[in-house]
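Top to bottom, those sequences are chains A and S.
According to the numbering used here, the residues represented by the first sequence are 1 to 207, in order.
According to the numbering used here, the residues represented by the second sequence are 1 to 207, in order.
The set of hints was computed from the structure by calculation and includes no laboratory data.
For clarity, every value in this text was computed on a predicted model and none was experimentally measured.
Pairs count within a copy or across copies, as identical chains cannot be separated in the list.
Each computed BS3-like pair below joins lysine-lysine, with the alpha-carbon atoms no more than 25 Å apart:
no. : residue 1 : residue 2
1   : Lys-61    : Lys-206
2   : Lys-15    : Lys-61
3   : Lys-105   : Lys-190
4   : Lys-146   : Lys-9
What follows is each chain in one-letter form.
There are 2 protein chains.
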Amino acid sequence: MDVLEAIRKRASANKFDPARPLSEAQVRELVELATRAPSSFNIQHWRFLAVTRKEDREKLKGLAYNQQKVADAPVVFVVLGDPRAHENLAHALEGSVKAGLMDAKAVQGLSGMAAGMYADPRAQRDEAIRSGAFAAMTLMLAAEAKGLVAGPMIGFDPDAVKKEFKIPERLIPVLMLPVGYAAPGNWPQKPRLPVDEVLAFHDGAKL
Amino acid sequence: MDVLEAIRKRASANKFDPARPLSEAQVRELVELATRAPSSFNIQHWRFLAVTRKEDREKLKGLAYNQQKVADAPVVFVVLGDPRAHENLAHALEGSVKAGLMDAKAVQGLSGMAAGMYADPRAQRDEAIRSGAFAAMTLMLAAEAKGLVAGPMIGFDPDAVKKEFKIPERLIPVLMLPVGYAAPGNWPQKPRLPVDEVLAFHDGAKL
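The shape of chain A in the complex, shown without the other chains (with noise of 0.2 Å):
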């Protein structure tokens, strides 16, 4: 599917049929082109959980004002950011070090650039958030590509979430993100502000 149709059409989505589900090599897939979006130094912020058993989107149902979608998607990623993923920037890099795009010396650096840039606990929030995002867009994009809808959701108690999950204390949830295949009564991508009320050029005084 073209990038432009795919931006064009995508709408959040609340009605997911129950009855088709994922296969865990689509969950992988996903993820793995969600994992393609940016982030600071290639830190890599994110981090993917898929509930995709019945019983446990019923339980994750309950911790979401029960929204029926968090039980009929066939997987609900919980898109984690971790705030001090930063401290792990030479392992996000080996990678880039193996594939010869960079040294040692250069990773020793840039981690150095990231302990300074995120010494403020705001600035990790901000970045964790912004992070994951940006792989929740990414993936939103690519479900739409593959036939599939997502409606990204906040409505939920993200203590509770993480405590019934078993999430690591440091992880921030960002969203969560039903996934599947399309039922009826979906809403149509609803109409957006006019440009000229959203961009300025030269100066911001009128945004």
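We have chain A already, so just place chain S on it with the hints.
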């Protein structure tokens, strides 16, 4: 261009051809596509400042650790997020009402829900960043489809950029995004961590 090809090929660019400008129509089309991203309640927290004049990009470069790409790229977007955008939800949904997708009563209900959900300043900031990142990721893939390259950046002084470019106090800089035609010397997409290191099924204990 195919969605999956764009996702697999896109890489953060550092080298832009300063001799190839983008038209105002190209800039507007990229932003129009970016606004197709989803946002909570369709609030559309994103705002875009397009810095296109050479002298302005030189000023911006000085506020971004003198990174040359800021001066070379024909347009640098400052992607902003409005943490209080939910206060204008009724306006953001006018198009949906006109299109017959919802009525005034539904808008009132959603506005009340959003007011509750975003009472907390941290939730406001998180959402502004999440939505801005969704829009920026969509813009990067749209740029790829158009034969352009983009390089997301957070290495800049957000307060100084706001002051210099008359950006309203309430807006949060989410990132800067130089966009243009590639010059030689860009890296390919760097290798990512293996999927099994970032994905868990059923519970998140191993993440």
